[in-house]
Amino acid sequence: MSVSKYDELEKFAAELRKSIIIMNCHAGSGHPGGSLSCVEIISWLYCNEMNYSTENMNDPERDRFILSKGHSCLSLYAALAEKGFFSKEAFKTLRHAGGILQGHPDRLKTPGVEFNSGSLGQGFSFALGCALGAKRAGRKNRTYALLGDGELNEGQIWEGCMFGAHQKLDNMVAIVDYNKFQSDDLNTNITAIEPMNDKFKAFGWHVIEIDGHNFREIENAFTRARAMTGKPTMIIAHTIKGKGISYMENVPKWHGSLCPTGKERECAMRECGCEELI
Amino acid sequence: MENMRDAFGKVLTELAAERDDFVVLDADVAGGTGTYHFREAYPDRFIQCGIAEQNMFSMAAGLAESGIIPIVTCYAVFASMRAIEQARNSIAYPEFNVKIAASHLGLDVGPDGATHQALEDIAIYRSIPKMSVVSPADPIELKAVMPYLLDNTGPLYLRTGRSPLPNVFDENTIFEHGKAQVLREGTDATIMAVGVMVHRALIAADVLAKEGISCRILNMSWLKPMDEAAVIKAAKETGAIVTCEDHNKYGGLGGAVMEIVCEGCPAPVERVAVNDIFGASGEPEDLAKEYGLMPDDIVKAVRKAVSRKL
Chain A
1460 MSVSKYDELE KFAAELRKSI IIMNCHAGSG HPGGSLSCVE IISWLYCNEM
1510 NYSTENMNDP ERDRFILSKG HSCLSLYAAL AEKGFFSKEA FKTLRHAGGI
1560 LQGHPDRLKT PGVEFNSGSL GQGFSFALGC ALGAKRAGRK NRTYALLGDG
1610 ELNEGQIWEG CMFGAHQKLD NMVAIVDYNK FQSDDLNTNI TAIEPMNDKF
1660 KAFGWHVIEI DGHNFREIEN AFTRARAMTG KPTMIIAHTI KGKGISYMEN
1710 VPKWHGSLCP TGKERECAMR ECGCEELI
Chain B
509 MENMRDAFGK VLTELAAERD DFVVLDADVA GGTGTYHFRE AYPDRFIQCG
559 IAEQNMFSMA AGLAESGIIP IVTCYAVFAS MRAIEQARNS IAYPEFNVKI
609 AASHLGLDVG PDGATHQALE DIAIYRSIPK MSVVSPADPI ELKAVMPYLL
659 DNTGPLYLRT GRSPLPNVFD ENTIFEHGKA QVLREGTDAT IMAVGVMVHR
709 ALIAADVLAK EGISCRILNM SWLKPMDEAA VIKAAKETGA IVTCEDHNKY
759 GGLGGAVMEI VCEGCPAPVE RVAVNDIFGA SGEPEDLAKE YGLMPDDIVK
809 AVRKAVSRKL
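As you go down the protein sequences, you meet chains A and B in turn.
Counting from 1 along the first sequence, just add 1459 to a position and that's the residue number in the numbering used here.
Counting from 1 along the second sequence, just add 508 to a position and that's the residue number in the numbering used here.
Please keep in mind that the hints were generated in silico from the structure rather than gathered at the bench.
Heads up, some of the hints might be wrong.
[Claimed, not checked] In silico lysine-lysine, DSBU-like type, Cα no more than 30 angstroms apart, as pairs:
| no. | chain 1 | residue 1 | chain 2 | residue 2 |
| --- | --- | --- | --- | --- |
| 1 | A | Lys1594 | B | Lys741 |
| 2 | B | Lys687 | B | Lys744 |
| 3 | A | Lys1568 | B | Lys732 |
| 4 | B | Lys638 | A | Lys1594 |
| 5 | A | Lys1568 | B | Lys638 |
| 6 | B | Lys638 | B | Lys741 |
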């Protein structure tokens, strides 16, 4: 890949961060921290990895992306708007009555959204069903699911891990946005999940660990996932919660139900390069 | 007299020969639900999900998204409680075409005891938007309902019992789906029954006829959408209603009928149901006696309802 492609990705990611802050400010609530941590992963998926566009969004052969950590939907909405699924005007309607952008993803209301996620653990299982369905139908498309690290507390995740490995779903890639924080606090203070890598390996998954903000490492991981046969792949992406907005980084309160106000807002807008709320 | 689980397994197998648009999902209870018949005949269309109902339900939604109709099977207590949030959020809310087929209803489960008896499933499933609920009364109705379910898109909860049930219908019965079915006409009261209680209602009506009480009997297989017109018509024309179900008295058939009657045409309603307690181990017939679900109990309830007529 040429350097300019990485530059394009960096630009795309910067646009997503800007959109996340805009949406967050319009809504007055939302989950900025976990939306900012997965921006590079989502940028890669929508720009380079997936066969998914406004042209084929109803085609059975399309690739599927399931945001299992549905509270981070600001990043998904930002990417979908960037790719033309709806106008950025819709950002103003996030979490508002009558709007197309719900507080958590809704496939019936928002073009480009594949699943009604937000109840943790369910998106992962849904993605496994999509992958199994593709295999049964003899289709070559792939399924991607983005999980939160806190989401791994859910027992359903481990039911799904057993199922995915048993069914040899090598057309499925799950990514853990491992930003180390969950709703209330650091994972380590809630329910310890380490050793995460060993856990997924023991459950029969092909495991790759990367820096989730580094496009070269992201590219390498998804390339290796494509080459894998007989096993589903789990990418553990180390990330920073609130990435890109200095005072949000690694601060638990920016997990959810907050939006920057006053000087915080000015600072966030300046840091993401946003001149005004569109 | 055929066992409902055998009837279920066999009808799945027969349908599979005619159409390839569905698969059967199991949570390690194929022996209990009767799907082992299907597994033997169509192993490639049988998906073993293990004892992991939550994953099975959400995963089924993913399969449905891929254009396959998943028939998710497990015991009613797990379908209606362990995996209910998955049924709501993964299946009903996004409107996926998943058929949830639950066996082992109510006290009819018998010796396994309270942890395996589902006395709450009607209340739970009928409160979920977009979800239909149907509970056939005998193997003939079960076989009739299955092709209809596959031909009509949308999330649905199918309740099947465990015990052998006497046939209420003959093989030539024509079923009008979504309608309460008049099994017998009557003028003094209407008995509305579901599932295992339908044949008991017929026995009770015979006893009451000898006393000079003429009962209309409605088979209420469709719990949601419920045939409201038939309920209101019964209230108007017979003036008294008795509901019969192997379910908690709260939130089930009785509760649903009371909602409609109170809104549409007030009339006395008596409920023959489990009186808000957990069951215990025992043979189904013994439990039905202990918890008040026998024909005698229906007879008493009808007498009371008639005496309360407005």
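Next pair to validate is Lys687 (chain B) with Lys744 (chain B); report whether the Cα-Cα distance is within 30 angstroms. holds (18 angstroms)
Would you check the hint for Lys1594 (chain A) and Lys741 (chain B), treating anything up to 30 angstroms between C-alpha atoms as holding? Violated. Lys1594 (chain A) to Lys741 (chain B) sits at ~51 angstroms, over the 30 angstroms cutoff.
Restraint status (C-alpha distance of Lys638 (chain B) to Lys1594 (chain A) at most 30 angstroms): holds (29 angstroms)
Next pair to validate is Lys638 (chain B) with Lys741 (chain B); report whether the Cα-Cα distance is within 30 angstroms. Measuring from Cα to Cα gives roughly 25 angstroms; hence the hint holds.
Regarding the pair Lys1568 (chain A) and Lys732 (chain B), is the alpha-carbon distance no greater than 30 angstroms? Answer holds: Lys1568 (chain A) to Lys732 (chain B) is near 25 angstroms, not above 30 angstroms.
Given the hinted pair Lys1568 (chain A) and Lys638 (chain B), is their Cα-Cα distance within 30 angstroms? holds (16 angstroms)
Consistency note: the structure conflicts with earlier hint 1 alone.
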